[in-house]
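Line order of the protein sequences matches chains A and B. Here the first sequence is numbered in my numbering, starting from 6 and rising by one per residue. Here the second sequence is numbered in my numbering, starting from 25 and rising by one per residue.
I should point out that these hints are in silico values taken from the structure, not numbers from a laboratory. Certain hints may be false.
Unchecked claim - No farther apart than 20 Å at their CA atoms in a straight line, the calculated lysine to any residue pairs in the SDA-like style are these:
id	chain 1	residue 1	chain 2	residue 2
1	B	K249	A	K319
2	B	K170	A	T276
3	B	K76	B	I99
4	B	K170	A	L154
5	B	K170	A	L281
6	B	K249	A	T188
7	B	K249	A	G156
8	B	K170	A	P278
9	B	K170	A	G279
10	B	K249	A	D185
11	B	K249	A	L154
12	B	K249	A	L20
13	A	K319	A	N244
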Amino acid sequence: MTLRVNDLKVYYQTLRGDVHALDGVTFDLADGEIMGLAGESGCGKTTLGKSLIRLDTRMRHVGGTIELDGKDVPIADDKAMVPLRYHEISLIPQYAMSALNPTRKIGRMINELLRARGVRPVDIADELRRRLELVGLDPDVLNRFPIELSGGMKQRVVMVMSTLLNPSLLIADEVTSALDVSTQRAVAESLVEFRDREYVKSMVFVTHDISLVYQMADTIMVMYAGHIVEKASASTIVNAPRHPYTQMLISALPEVGTTTDQGRLEGIPGTPPGLLNPPTGCRFKDRCPLAFSKCSERPPLVEIEPGHWAACWKTG
Amino acid sequence: MLELSHVHKVYRVGAFGGGRLRAVRDVSLKVEPGEVVSLIGESGSGKSTIGKMVLGLFKPSSGSITFDGTDITTIRGHTARKAYYRRVQGVFQDPFSSFNPIFKADRVFEMIRSSYFPGVSDADWRERVLKAIGTVRLDPDNVLGKYPHQLSGGQMQRLLIARALLLDVDLLVADEVISMLDASTRIDVLNLLADLKERGLGILFVTHDLSLGNYVSDRSVILRKGAIAEMGPTARVFENPLHPYSRHLLSCVPQLHRTWAEVDAELAANPPDHFELPVAPDDESAPLVEAERGHFVGIDQG
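Construct the entire structure; sequences and hints are all you get.
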């Protein structure tokens, strides 16, 4: 078992009170598993990704534990996290294209990063070249400035950079959202290749695009308003979801081939609840067509069949 | 209604404007009333430039854009431009930056009133606003008198469409209107566009997402490097793509019930017939050939 997250709670501190962005999140991630983390904006998916590596100053660890390869990950202790970052847990940030320093050549930037982490760049130079070639980049990019590269190339540079020390866990946050469809496919396929070659042991792929994550992930976890709603294998989530939120979300996605002539798709009425004073019980109950009296209690995340977890009173 | 004929747009680029970038190359297309035309392309394909030229924000370098027979580049003067914008309006990608955060969101309606309908009485105007808000399926109590930060992206985007509706527009240029919205509200905005189409509005729907383009549109135009790669009735373009670029794009779209591997295997099992592409006589023109009725295929650009 690579990663085990148990009842994790992370709140944002604001002047008006705590925003309950992650409110009791429990899941496991197996060796070699690529987990897609999907949900609408504000559901806590990026917060979860960030919590696994670094809490920023507004974020507060309220409770719960994270274990990676059997060792505790002290996320609340910023200093104790330093040795883990990059070596064990690595992140490809959202908007990776703007994560590159515009005043440094790519090669120099990578060397500086390696030295800062106590690794000698020469020990890794050959591997770096090999991996750049693997994602279809000429090693010549090392002598170029970020502005000279296209969006897809920058994204691949950041990808190679983040995984250079073979981390156990890679968090990829909306890495393909800003790319064109054909580049998106190339980047997504390289990420799978990295897993297959064991450059990274397991991966959390954060995205809002379920059809993309279906192409590459082994499992998909759906979040809603700071809670986990459902987790199962990718094909189960897409073809046989059990939670009403997942069902409505999947049926709201237009596909190549669907047109309004064949009947309209329906959105989900209403908006997600604010997380400053989140409602008690199931957070989806106000938008849920199946809601009944019991939904005022929070439904536990239970395994309804092997490998398929859902948090709903109606599925249990 | 709207007709583009051999439209080109060349930008000057580089430090002293010495370089040339052909953003739109020999594009001809039509939008009829009650029709949604999707302009689909990757970044740099010129799709937004076309939308902006239709809105009169840029002038084409050559070629003509006519709206009900009038060449829009000949529209001069404040009054004439205002009359044009009464019939043609745009809604853009980012609803969050379309509003001024200092003012309440419904100020956009007041602006329309003060510049186009100064003579309308308060009660009458309120009724019109409520009707427009009803058309975009918003609850007036939830949106009127609110500040932009109190509204969701979907609500703001629908308010902007309601604003365009107050003017009785004939043509709406929707430039990536849903790419910033969440999956659950996205479809509501798309359905709204379909409703507007039934009311006789022509919509130029600019998007990079093939599955969204496909959902609402009657005709699709796939652009590549400024030129039309393929144009035709949406169902034909998506079921029987003839240009290698359209085929490639379609094979890269993540689909919900088929993986890329399955799509590739299917393509390998029955490879599509080769289609002879037209050849451009020079660097500027981009001729189209009609492969079947109304279905055009453009030049090969490597």
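Hints and how they fare:
1. Pair hint K249 (chain B) plus K319 (chain A) does not hold up; C-alpha atoms about 51 Å apart against a cutoff of 20 Å.
2. Taken as a hint, the K170 (chain B) and T276 (chain A) pair is honoured in the structure, with Cα atoms around 16 Å apart against an allowance of 20 Å.
3. Distance restraint check for K76 (chain B) and I99 (chain B): the Cα-Cα separation of roughly 15 Å lies within the 20 Å cut-off, and the hinted pair is therefore satisfied.
4. A distance of roughly 43 Å separates the Cα atoms of K170 (chain B) and L154 (chain A); the hinted pair therefore is violated under the 20 Å criterion.
5. Taking the CA atoms of K170 (chain B) and L281 (chain A), the gap is near 19 Å; set against the 20 Å cutoff, the hint holds.
6. Restraint check for K249 (chain B) and T188 (chain A): satisfied, since their Cα atoms lie roughly 16 Å apart, inside the 20 Å limit.
7. A C-alpha spacing of about 16 Å is found between K249 (chain B) and G156 (chain A), which places the hinted pair at or below 20 Å, so the restraint holds.
8. Taken as a hint, the K170 (chain B) and P278 (chain A) pair is honoured in the structure, with Cα atoms around 17 Å apart against an allowance of 20 Å.
9. Proposed proximity of K170 (chain B) and G279 (chain A) is supported: the alpha carbons are some 16 Å apart, at most 20 Å.
10. This hinted pair checks out: K249 (chain B) and D185 (chain A) have alpha carbons roughly 13 Å apart, not beyond 20 Å.
11. Note on K249 (chain B) and L154 (chain A): the hinted pairing holds, with a Cα-Cα distance of about 18 Å set against a maximum of 20 Å.
12. Between K249 (chain B) and L20 (chain A), the direct Cα distance comes to roughly 49 Å. Violation of the 20 Å bound is thereby established for this hinted pair.
13. Taking the CA atoms of K319 (chain A) and N244 (chain A), the gap is about 18 Å. The hint holds against a cut of 20 Å.
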